[in-house]
Structures are given as structure tokens and as C-alpha cells.
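Protein chains: 6
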Amino acid sequence: MDQTVRSKLLDVSTATLTSVLLKHGFRNTFIGGIKLLNPDAPRMVGPAFTLRYIPAREDLDQSSAFEGRKHPQRVAVETCPAGSILVIDSRKDASAASAGGILVTRLFKRGVAGIVTDGGFRDSPDIAKLPFPAYHSRPSAPTNLIRHHALDVNQPIGCGDVPVYPGDILVGDAEGVVVIPQHIAAQVADEAWEQTQFEDFVMERVSAGDSTHGLYPPEDDARAEYARWRAARKT
Amino acid sequence: MDQTVRSKLLDVSTATLTSVLLKHGFRNTFIGGIKLLNPDAPRMVGPAFTLRYIPAREDLDQSSAFEGRKHPQRVAVETCPAGSILVIDSRKDASAASAGGILVTRLFKRGVAGIVTDGGFRDSPDIAKLPFPAYHSRPSAPTNLIRHHALDVNQPIGCGDVPVYPGDILVGDAEGVVVIPQHIAAQVADEAWEQTQFEDFVMERVSAGDSTHGLYPPEDDARAEYARWRAARKT
Amino acid sequence: MDQTVRSKLLDVSTATLTSVLLKHGFRNTFIGGIKLLNPDAPRMVGPAFTLRYIPAREDLDQSSAFEGRKHPQRVAVETCPAGSILVIDSRKDASAASAGGILVTRLFKRGVAGIVTDGGFRDSPDIAKLPFPAYHSRPSAPTNLIRHHALDVNQPIGCGDVPVYPGDILVGDAEGVVVIPQHIAAQVADEAWEQTQFEDFVMERVSAGDSTHGLYPPEDDARAEYARWRAARKT
Amino acid sequence: MDQTVRSKLLDVSTATLTSVLLKHGFRNTFIGGIKLLNPDAPRMVGPAFTLRYIPAREDLDQSSAFEGRKHPQRVAVETCPAGSILVIDSRKDASAASAGGILVTRLFKRGVAGIVTDGGFRDSPDIAKLPFPAYHSRPSAPTNLIRHHALDVNQPIGCGDVPVYPGDILVGDAEGVVVIPQHIAAQVADEAWEQTQFEDFVMERVSAGDSTHGLYPPEDDARAEYARWRAARKT
Amino acid sequence: MDQTVRSKLLDVSTATLTSVLLKHGFRNTFIGGIKLLNPDAPRMVGPAFTLRYIPAREDLDQSSAFEGRKHPQRVAVETCPAGSILVIDSRKDASAASAGGILVTRLFKRGVAGIVTDGGFRDSPDIAKLPFPAYHSRPSAPTNLIRHHALDVNQPIGCGDVPVYPGDILVGDAEGVVVIPQHIAAQVADEAWEQTQFEDFVMERVSAGDSTHGLYPPEDDARAEYARWRAARKT
Amino acid sequence: MDQTVRSKLLDVSTATLTSVLLKHGFRNTFIGGIKLLNPDAPRMVGPAFTLRYIPAREDLDQSSAFEGRKHPQRVAVETCPAGSILVIDSRKDASAASAGGILVTRLFKRGVAGIVTDGGFRDSPDIAKLPFPAYHSRPSAPTNLIRHHALDVNQPIGCGDVPVYPGDILVGDAEGVVVIPQHIAAQVADEAWEQTQFEDFVMERVSAGDSTHGLYPPEDDARAEYARWRAARKT
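Line order of the protein sequences matches chains A, B, C, D, E and F. The first sequence begins at 15 in this note's numbering and counts up by one. The second sequence begins at 15 in this note's numbering and counts up by one. The third sequence begins at 15 in this note's numbering and counts up by one. The fourth sequence begins at 15 in this note's numbering and counts up by one. The fifth sequence begins at 15 in this note's numbering and counts up by one. The sixth sequence begins at 15 in this note's numbering and counts up by one.
Just so you know, the hints here were simulated from the structure itself, not pulled from any lab data. Wrong hints could be hidden among the right ones.
All copies of an identical chain are treated as equivalent in the list; a pair is satisfied when it fits inside any one copy or across any two copies.
[Claimed, not checked] With a Cα cut of at most 20 Å, we get these calculated EDC-like pairs of lysine to aspartate or glutamate:
(1) Lys123 with Glu218
(2) Lys143 with Asp54
(3) Lys248 with Glu218
(4) Lys143 with Asp25
Please put together the full structure from these sequences, using the hints given.
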């Protein structure tokens, strides 16, 4: 993905992004019910590479399913491009694991930018120690095929009630994960970056003791003050 | 589908079917959280024809999406074969409708054998009056595209936490819906039909005042008595 | 309320109303998680008169709270205007009753047009026999003040996650209840009534065996046919 | 159980009983989340005979568990005294059946007064046709031992978050089921029966058009009028 | 608020407070489903200043709603008295934010004693770094007006199923938040402080290896020993 | 319990254990919905000693219930053997505490190996500081007898939807808790320990950059390499 877009998105919060997306008419962009395992992970930005699970069936989802090299979960782990984010539709079911420590380590080593599931990870204490952003709903020790059948790779999915199309840009911080439709990602990055400047200004003023009245949202005086602040900062 | 299989399945309950499926190792076959709208509908038996929804996205899921003849929901309604059952993966989300009265009527007129969603129907009072088996979780007036994006037709899906592969045989009665993997449908139909004879015998005895001890499950005496009952019935 | 608006709204379904409201930008208008107790009740149309509950507190919510004539629940029952609908914000909590058979009968006798709660009613089998539309989530025998404290009358509330302002027009059918903002009620009634004509036409065609392709939504031919059908019907 | 107590309890509603129990300090007496399968069943009154389930374990809960005559579920069905009510602690889990049509029919034939589970029944359409009160949360076709292990009979249990001790008196109507501690059942029956007379009086007045103000709760005039009404009724 | 009361409440746990409140007949005092964002925040004690949200409506809850100085959320932030606690009724809905980093910082700078919502905060990673007690259910990036409409300030509300009247005393520790009715706050503070002395004594004995039998609750010997311990401590 | 079994179980993860248990046919072994309070606690391994709660009843569950030395909760705390784990069936209800800081400290001092409830603890911030593994669903300040009645000790129970028989071996790590049926604990410990060696080998290879294809699950080359690695490690 474009490096300017990427670097701007690394500087903005998911909260700011949801506000900008709302202005573009997108209300449902924040993946619900998940959290970051490792608060020390780097910020997560990258295009979505998806994996879809349906409920397991006892005759198909035996341990032998992982043999060979065509099981979609393993295919996804070995083919998700570096810089992309593996997003798994686990139907919000964390009663068995979406993935575990070995596969997440493999993604990390391959240069993938992060992993997101609306289910749960096993080996979550190990994953929490990797310098790699991983989001899930809660720890889940039971092995994947007790509940999940990996079906296909890189199709549109739902994750935490949000639509995710392959190539959509995901941004994750300590608050959660936002999905930006691919075609507006550059524009959203610009607007969110500008909005972040303004919020930095407001936070500076509020931290100095100013009232929010007239400042947030800004009236004329505050707008003028911000213009000066912003101009000074650019130089 | 085979007419002998079909006619046997029309004679057995979903409760009996789950017991037979358990003997084959299938524990997760009863679609949870749904009910039949119309208690006067005929019993439902037929192969699954599937439709998958993902969460709606505001720019894609406008009213205009229904224009033309390629919207997957409309394609499904017009191409689901007579005798088949349309099964919709609505991600257990009934906050907007999976389908409404006009589309369900069209399915009925086309000879489709039933419709199942793990979401909700709109126009549910009208659907409830059709002599057509329709299963959903609860009434939902809001229009489909507020929450759902129809993505593809006849792919494997989950419905109410049960896996459904195209061609699987669905059986529905007033209790709910069971999914039978296609490759064992004939055998399951045979076994369930035989099991039903035995349960009819047991019910006859219990209704006549017999104890369940020694009868259900049967010990030697009851087995012998059943053999006579069964033999007499065949003639 | 205006009798033309009322009579049009008596002729349209809640499903159609949600579609019309969506065109006006309102997505959240269908009160979730409630059902009609009595399928034989008349259709429900009328302006909202609201009552707000907060959680009960043991020292305030004793039986003696009902003494005198100022308890807000009793005030609401005795002052809700004839033709209006009493809408109760029970915080979606049906662990104790929102109201019972005597109070609902009193509302009915006073000419009130219906009652809606996102909690539950007690004496629900009796209420179900009144020719009076009453909507709740589920039966709840425990007396009101175990869980609820009636606080104020005719303030804006939430009911089943939908905002309800006093004077908003509520419409209820066997599917559920829709809330129409007061200022657009007349326009919505007109549009929904027209839309209902079109849907009647479509249903007539589909019941006669027509495909939905080209008809729903209509292409040019269907539009022309509808124009003729509509013109004929008017005369 | 005492026949006077029984006959009084047959005449009062679960709603009235919860109010009387509250006066005795009991707030948690209405079993939540269950409903009556058959609206045409007789009213249910009788002492509790309990059965406790814990989660199933794959090695213990095989079909063979039902062989012999010592499986606790079968023991409960064959030993629950006539006139008593079988109450099952299913941990509010209806993903597999608490019991099915044959066992419920056997209970009915044995003169048992009803059955209550906070799980679900299989063969529920058949059970719904018996003239026998049966309460559950929802239909559940899968066989019992997929999820439940019957452990012991006639121990104190929880059912729908309400404590049930063997011998407690259960009363069920179309609204639900109330549990009355055994030692106060006679007194509660008396008070509820008197309270019902008063509510009948109030309902008569409200149906005739009276205001609830001064009547419900009664002020001096209404109290005097009720005394006359009550005296007249006794003769 | 009274400084002796305040300082006693700073020394007792929410667990001890719920026990004392139970003795006064209050069972429902612990706000459910929320947690403290910042474990390093000071203990929270202060009177409640409330804010009520109802569900948002699309025409009213546009960005422009924040303009001017009368939006109730902004009014609450600028007028909540120093030393008070802002308590928000978000209807337990965290699908959009109750407030964000700038507003919470403003409250902190104004000397407010804490903030509690039964919804979620946005900018939660920033809020977690403030030395300011903030309680919510989970992080929520989406902006407030997608789901919430701020209606009024300092009215009685429910928060996490607990009633909160303006002026009630809230106490928060790492376990959660307790609401003390205003009129008994001084007495509860006294009793809880005394109870805490006793629990410190018990914990000292248990940590030294004593059995809880005879100690917790205390029998005569333990009571005497406590009296000596307590007397010694006072000097 | 056997010290070799114990020491092997101290070296394996709950994730690995669920995989080994699945091979033995056990799918439901991971206690759902609970978490470890103190990440610095030692690993937890030991046999289950159980305590069962049913819902509280107002007349029985008064403070005086704790007097004397026979209250089952106190009996459990004083009699749970050193090295065992106290497992409480709280019916997944955390609206009141399963236990508090004093009792958990007493268990710790008595040499008990850990405590697990599917409800919540009060004084949870204190418990979190003990070097003692304690698992619950969420903090809960309200005192036990508001919701729970301790009924009996060391009977089979359910905990977080998993069956627990007295003597079953529980293993807890930072991910959660697994229940191993007593009769297969030694064999499961052996197999899990061997499986852990293999997973360590795989993790070493993946961390060095190897693909998972052919390695996990292993094909012939990887199997040979592992045999060498394993042989080398043993020496």
C-alpha cells in the first residue's frame, strides 16, 4: 500500500478514523467485541487478507484435515502477503481457537502486519509476548477444528459485525480496529491526519485549563487561534 | 432427491433424526434459535440451496442494488430449484429482514420446498398464512439492506451454528430443522424410519400404562414384544 | 391526530413503513424484541404518551408508593389521552412487570389506543384476551416495584433501543411497532400508502406466477403495467 | 398436599402469588425464561420433586447409560409421586433436550401434576397436545446426553435462577411458574385467595369505567365498598 | 461533601460497602459490567452529577448538534461541580462512545472526582493514562451521536442497572463502583470504616495461620481478642 | 496426586492439553468465560475439591447463616486438602461474590493449590496480589448470600459448562483452566508432555524462518529432523 497513506494512518487513532468515516457515510466500521493481546505491539496498518470459517462438521474436521498443504487456514498463513493483515471470520465464536502460537509466529516471521479474529486465540499468553498486533475476543485453548471449518481465502467476510472486503485498509490501536473501504483510504488518511492536528491543539488547550465551550467544536476565535497554531507547527 | 428417502423423512421427527445422526457421530445438526412461522405448513424435506449474507456497507447496499437481475438475493429466489430449500446465512442477526412476503410467495409459487434463515423475516404475518414452511428467529420489519449484503449463492455456509453444504438434506417439523449430510441421507432415513416404528410401539405401551423400565430402552421381553408388534404391523 | 393520516397508517404494514422511513434517512425505527400479546387486537395507530422507569430502590419502592394519586405509573394510566399510546421505557428489563391486567384494562376503557413496553406485563393471559393492542417482550409475573421505579411522564425516552419523543406516531401490526417522528408522519403516511398499492400489485402478479425479475424492483414494462393497474383501481 | 391449599392455589394467578410472596420477603420466586407448551393444559399445582443435570461427559454419557433401571432421569420419571411436579435443573441450557414425548407421557399417565425445566423438551409438538402442563424455554430436538448428565434426584436445585427445594409448592398458569417455600404455602394460599377477591372487585369496577385513583390501592370509600361487595359475595 | 465522611470512604472497599448497605436493606448498589480504565488512578469518592442519554435519532444527532453551548453533554462537562462525579446513563450500550479523551481531560482539569458510564469511552488508551478514575464497560471508538442523544442533566437515572439520584455518594475502587443513597452516606461511612478495622484484624490473624472457624464470623474468644486489638490500635 | 504426573502437567499448556484430550474423545474440557486474576501466580495443577451453590432464598440466606462451623462454604475452605483445588459451581452468576479476600487467603495459607469459580470474587484487587492462582469471570463486590446458597461439598458439579467430578485433575495457566478426568490424567500428562516437545521443536524452526508446510503437521523430513532434535535433547 501507498507509504504516505500508511504513515499518516500510523499517526491517527481509531476514534478519529470513525469520525472521518462517518462524514463519508460509513457508520459501521469499528470491529466490536475484540481487544489487543499485546499493548506493546506496534500500531497496525495494512490491507485485509481474509479467511472464512463455517461451523465444523465431525466427519470433515478431523486432525487429518491439516495434512497436505491445502488446508485453507495453513494456505492463508503461508500466502498472506507481507504487510497485509490476516482477518478471520470466526462467526464471533471463541469456544474454539481461530489460530495458535505457532501460526501467529509464522505470520510475524513472514512480515505480515497483524492478525484479527472475532473468535479467540489459543497459546494467547505466548502471542501476547510477540511484538506483533493480534486482536481477538478472548483466550480459547480448544483446538480449531472442534468448532471451525476453514473454507476459503480472500473472499468478502464479516468480522465482529463489520464487512471486510479483501484489500480494505485496517487500522488498529490499543482501542480496537477500524476497517476503511479501500477506495477512500487515501482521502480518509488525509482528513484524519488533519483532524488529529486539530485534536492535538484542543487537547493542548484543555490541558492548559481552557473550557471546551467555543473550542470544541471551535467558534471563530478558536478557529483563528488554531490557524496560527497550525501554521507555526508546519514550519 | 430420491422419493423413497423423501417419503421416509416426511414420516420421522427431527428429534428422532438427531438421535440417528448422533449414532453416526454427528452432534451438531439441529439449527438453533429458529421457529416455524406457520404451524399449518406441510412438513419440510429437501436439499439445501444456500445464500450467504455479510454485513451491509453503506455505499454498496443502497436501494439501487436491487436493480438489474444480478442481485444475489433475487438470483437465489429465481434459481433455487423446485423441491429444494433456500437456506440463508444471516449471521444470526435479525435486526433487519432476511427476506419478505413477496419473495417468499415467489419461492412458494416456484415449487421450492421451504425457506430457512437464522435471521428474521419481514411481512411475517403474511408469510405465516402461506401453506409453506418458513423458519426464522423472530419478525423483523426493517428492510434487508440496512444490515445485510447478499454475497453469494450455493456456497457452504453456517446457519444457526450448524454447517450447511449445498445438497445437504434438510428436514423441518414443528420443533425445528435438522441438517443431514448428503452422503448419509439415505441411510439416516432408513434408520430413522425404523426407529420411529419402535418409538410408536413404546408410545403405545406407555399410553396404555406401561412403565418405561425395561421398555425404553428395551430389555429382552420388550424386544420380543416389539418384534411381534412390528411383524404384525407389516402385514 | 389527523384522521386521514390515521386511516392511511391503519392500511400499511410496519415493514413498508420502515422502508419509507429509510428513504427519509431514519434507520432505527422498529422497536426490537417485543411482540403483540393478542393477535385479534385492532391495528394500533396513535401518538406516543411516555412513561420512564429507572431501577427500583428498596427504600423508595415499597407498596406504599402507590398510595395517594401521584405515583407516575398511575398518573400515566389516568392521564394518557384517549387515542394516544402509552409507551414505557422499562430499560428492556422484564424481570418484573411494567404493568398488569387492571391498569391495561383501565387504559382500554379510557379509549387509549394501545400500550407498548420493552419490559413485560403481568396478568398477560388476561391482557391477551382484551381487544386492545399490547406489546411487550415476555410475560413477567413479579410486581413492578421489585425492579422498576416510575419516574416521569411524557419525557423523551428510549424503548427497545428506539428513541420515542412524546407525540411521535406509533404504528403496530402483528409484526411489531414502528416509531415515526411526528413532523414527518403525514408525508410518511402518504408515501407508505402509495408504496402499499405497488406492493399489492406486485403480490398479485407474483401470486399469479410472475417472476420478480423486472417486476420487483420494476423495470419499464412493469412500471407501465402498474400505472394501468393503479389507474383502474382508483376509479 | 392439603386439598384446601391446593384448591385455593388453583384459583389464583402467579402474578398475585408473587405479590403475596413479596410481603413475606421473597423477591425471587418466578422462574424466568420459560413458557407453557400447551395453553389448554389444566392449571398446575403440586409439590416439587427434583432432578439435577450437570454437563455431559463423553465417556459417561453414551446411549448405554440408559440401560438398566438406575439412570437418574428414568428413576425420576418412574418414582416422581402422583400429584407432584418434576422440576429439572438443566442449567438454563436448551441445546439438548431435558426430556421427550415418551417420558412426559409416562409422567402424565402416572398422575404426576406437571413438568418444569429451564432447558428444552424434544418432541415438543407432541407434548403440546397432552392435557398436561409442561414448561420449558424452547424446543430442543437433540437427545439429552449430548449435553446433560442426570446426577441426582430430589436434592435442592436451581431452576431458571430460582431456588427449588423438594416439597416446595409450585403453581403454574399461562404466565409462568411460581415457587412457594413449603413452610408458608398454606398461609400464602389464604392471602393470595383473599387478594384475588379484591382484584376481582377492582377489575369489575374498572371494567365498569371507574378510575383506578382511590380504588387501586383503595382509599376509605373503596375499602368500604369492597367490604360490602365481599360480604355479599360470601353469602 | 463532608470531609470526615469522604476520608472514611476513601479507606474502605466497595466490597465492605455492599455488606453494610445490605444491612440497611439495599441489595442493588454495585454497578454491574464496568471496570476501571486506570489502575493507578486515585480512589474515587464524591456525589453524583448525572447525564442521561436516549437512543440517537438521525435528524437530531448530526455533528452540528455540538455547536453552540447548550448541548447537554458539553453542559454536563462544563458544569459538573469540582469534587462531584459525572455519571452517565448510556443504557448499557457501548456500540458508540459515551465520551472521549478531550472531555474526560476537561473534567479532570476542572477538579471533578471521576466519571462513570455503563457504555464505553473512546480514546480509552489516553484516558487510561490520566490520574483520574474513569469507569466504563469497554473501549468504543465510534463517535457519540451515532448511537446516543444527550437529553438532560442531573435527573435520576439508571447506570448499570443501579438507580442513581443526583447527590448520591459514589465510591470506586479497583473492583468497581458502589452507589450510596445520600441520606445514609454518613452512617454507612462510619459502619464501613468500623467493619474495615475488623476485617483488617481477621486478615492479620488468617495471614498468621489462624482458622476462619470461630473468627469469621467471630465467636466469643475472637470478639474479645478483637476488642483488645482494636483498643491497642486506637492509642 | 502422583508427583511425576504433577510435574509433567506443570510443563504443558492448557492448549496442548485440550488437543490431547480431544484424541481421547473429550471435546468439552476448557472452562469457558473465566480468567486468571494474578498473572504472577504459580501454574495451577491439582485434584478438584468441589462446592455447589444454588440460588439464595431470603429466609435461609441471612448473615446468621455463617454462624457456627457448618456453613458449607466455610467447611469447604477449612477442609479442602492441601494440594487440591477448590472449584465452585456458581451457575455462571457473578452478580454476587463466590468468595472474598479473607477466605482465599485462608486457602492459600492452608496450602490449597488454587481456586476456580464460574462466578466472581469480591476483594479481587487483594486476591490479585496473592501468589495464588484464582480464576473467576469478573469482579463482584456484593456479598455472597445476596445470590448464592452454599449447598454441598465434593459432589459432581458443572463449572463454566464443563463437568467437574471430585478428584478430576485441573490444570490452569494464563489462558484458562482445563479439566482432565481422573482416570486418564497420567496418560494425558505423558502425551501432552511429548506433544509439547514437538511443539517446542516446531516453534524453534518457525522462529528460525521455516514454513509450516511439511512441518506442522510434519511430513517425513520433518519427522526425521524432529527425531534427531528430540534424541539430542534427551542427552
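We went through each hint and held it up to the structure:
1. For the identical chains of this complex, lysine 123 and glutamate 218 are inter-copy neighbours only, at 12 Å across copies versus 39 Å inside a copy, given an alpha-carbon limit of 20 Å.
2. Within a single copy, lysine 143 and aspartate 54 get their C-alpha atoms as close as 8 Å, and across copies as close as 15 Å, so both meet the 20 Å cut-off.
3. In this homomeric assembly, lysine 248 and glutamate 218 come within 20 Å of each other (Cα to Cα) only inside a single copy, at 16 Å, whereas the closest approach across copies is 48 Å.
4. Proximity of lysine 143 and aspartate 25 under a CA criterion of 20 Å is satisfied inter-copy only: 18 Å between copies versus 23 Å inside one chain copy.
Going through the hint list in order, the structure satisfies each hint without exception.
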